[in-house]
Amino acid sequence: MLPVTASCAVCHLDGWMQTPVAPQAKGRNGPSSLRECSVCYSIVHPACVPPGGQINEDLPNSWECPTCTTMGLNHDYKPRHFRARQKSSDIRRMSVGSDASQLSQHHNNQNKLVPPAPPVPLKSEAGSDNETKSEVPHIKSEDEIKREEDDGVAGVGGGAEAWEPSAKKRRASDEDEAPKKQALRSHLALQLTHHSSKVLKKPLYPVRPATTTPHAPHHAHHAPHAAGSAGSPWLDREAMLCVFAKLTPHELATCALVCKTWAEYSMDPSLWRSMSFVQVRVSAAQLAGIARRQPLSLGLEWCHLARRQLAWLLGRLPALRSLSLAGSPAEAALALRSSTCPPLTALDLSFARCLDDAKLRGILAPPENSRPGGGARSGAEPSRLAALAVLRLPGTDITDVAMRYVVQALPKLVELDASSCARLTDAGAAQLAHHTLQRLSLAGCRLLTEAALDHLARCPNLVRLDLRHVPLVSTQAVIKFAAKSKHNLHVKDVKLVELRKT
33 MLPVTASCAV CHLDGWMQTP VAPQAKGRNG PSSLRECSVC YSIVHPACVP PGGQINEDLP
93 NSWECPTCTT MGLNHDYKPR HFRARQKSSD IRRMSVGSDA SQLSQHHNNQ NKLVPPAPPV
153 PLKSEAGSDN ETKSEVPHIK SEDEIKREED DGVAGVGGGA EAWEPSAKKR RASDEDEAPK
213 KQALRSHLAL QLTHHSSKVL KKPLYPVRPA TTTPHAPHHA HHAPHAAGSA GSPWLDREAM
273 LCVFAKLTPH ELATCALVCK TWAEYSMDPS LWRSMSFVQV RVSAAQLAGI ARRQPLSLGL
333 EWCHLARRQL AWLLGRLPAL RSLSLAGSPA EAALALRSST CPPLTALDLS FARCLDDAKL
393 RGILAPPENS RPGGGARSGA EPSRLAALAV LRLPGTDITD VAMRYVVQAL PKLVELDASS
453 CARLTDAGAA QLAHHTLQRL SLAGCRLLTE AALDHLARCP NLVRLDLRHV PLVSTQAVIK
513 FAAKSKHNLH VKDVKLVELR KT
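Numbers given in my numbering equal positions in the sequence shown, counted from 1, plus 32.
Derived Cβ-Cβ restraints for the label pairs, each shown as a range:
1) 86 to 289: 38 to 46 angstroms
2) 486 to 525: 20 to 28 angstroms
3) 512 to 317: 55 to 63 angstroms
Lysine to aspartate or glutamate pairs mimicking EDC-like chemistry, simulated, CA-CA at most 16 angstroms apart:
4) 512 to 525
5) 516 to 482
6) 512 to 498
7) 518 to 486
8) 292 to 268
9) 516 to 486
10) 512 to 486
11) 278 to 300
12) 512 to 482
13) 518 to 530
14) 512 to 530
15) 516 to 530
16) 524 to 498
Hint data in this document are derived by calculation from the structure and do not stem from the laboratory.
Because the structure is a prediction, the values reported are computed rather than measured.
Yeah, the Cβ is synthetic: ideal placement off N, Cα and C, and Gly gets one too.
All chains should be modelled from the sequences, with the hints used to inform the complete structure.
What follows is the structure in structure tokens.
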């Protein structure tokens with residue numbers, strides 16, 4: 033049975049033609065379409081390779097791939113039916129050994145069926161040379177005499193030669209079979225190396241001998257220092273972290289390959305306070321790497337990200353405070369409604385795909401489920417994003433209704449960026465009155481008029497207002513707005529109002 037995380041070696045999709053992600057989705061419809069070759073153990077879809085494979089009916093998702101069938105490798109190997117962990121080389125060795133044992137047993141049976149030859153009489157007369165040579169009695173060696181005594185076989189003259197045990201013949205047969213066995217083993221190892229899908233690699237870290245512990249009394253003061261630096265006095269953690277802090281992420285990844293100690297130091301969260309991924313398809317390995325490094329600020333701009341991936345990641349980043357999902361699908365951002373979402377203070381949803389009023393309401397709503405042991409929900413819990421101080425929504429499809437959701441769900445909001453939102457009007461600006469906003473950007477909102485300035489004048493803490501590229505608002509109206517403010521404001525760039533520097 034193949035694991036649900038198995039993927040095709042050709043198209044890199046799982047058995048349900050989807051991209052493998054972590055955690056795996058539950059409730060797959062139907063069995064997996066992947067098949068594992070019982071000869072070379074490669075995992076592919078039958079549709080991704082040429083036809084001609086032989087399906088194994090005894091095991092699910094097992095077959096003999098077309099490549100092994102065409103090359104005839106399926107006749108040299110035995111499939112993994114009942115002993116899946118047994119190596120094919122062991123099976124081959126067993127078969128060769130059994131053939132040799134059967135051959136020696138056959139020789140023994142033939143020797144037992146041969147009747148003993150009668151003793152050859154000794155002649156005293158002189159004869160021809162040939163007769164003399166043939167009539168010379170067999171002279172037994174000491175080894176043969178001992179072998180006859182052990183077996184309890186007694187013979188006279190040439191009869192002892194017929195009753196000798198066949199150990200010498202078995203030994204000769206084994207010596208003849210030894211080169212054949214060695215050739216078969218070499219051929220088998222060559223085939224396994226050439227047709228295996230696994231890449232044989234050396235370990236990425238060097239193997240060094242263990243350090244010797246000092247026995248002299250004058251080295252006793254080094255013991256506490258060595259214990260604090262993983263047994264190596266010259267690898268101090270604090271010193272190495274100061275060095276690693278000046279390196280780039282690529283250089284840190286290279287240093288992690290030096291030794292196990294450096295690999296541990298390179299994962300310290302102090303080195304990864306900010307991480308950013310731009311235009312990548314986030315994989316399960318990358319999600320696990322982010323969770324290990326525990327960043328404070330994470331950017332996933334224009335990434336192919338699923339909702340379950342983001343929910344899995346947020347539950348493992350309790351220290352996360354800033355998150356950027358610019359250009360990512362709004363469906364993935366709905367994972368922020370989970371009860372495991374960390375208390376973010378900054379959220380960037382710039383140009384999020386398909387982000388409208390309904391999606392924003394779902395993101396800012398209270399969590400659907402409660403934490404284990406937290407009791408039943410009373411319906412009055414605040415949103416997990418209630419601590420947000422910075423919210424960026426430029427380039428989205430939100431309307432004036434979304435401004436009401438923002439005011440109701442985010443009481444601590446300090447900075448709001450709603451630039452390039454073409455559907456915002458003066459009614460949306462009126463929703464922001466009497467709020468704690470300090471910085472507001474409405475640049476590019478072409479439906480706003482000078483009436484919006486009257487509503488924004490009631491924001492007591494507003495010290496920065498951006499109305500650039502708003503054609504219905506004049507520069508004189510912006511200057512008048514800055515003059516009426518109780519803060520020391522001035523117009524810096526046409527329609528950009530900022531706090532005057534003293």
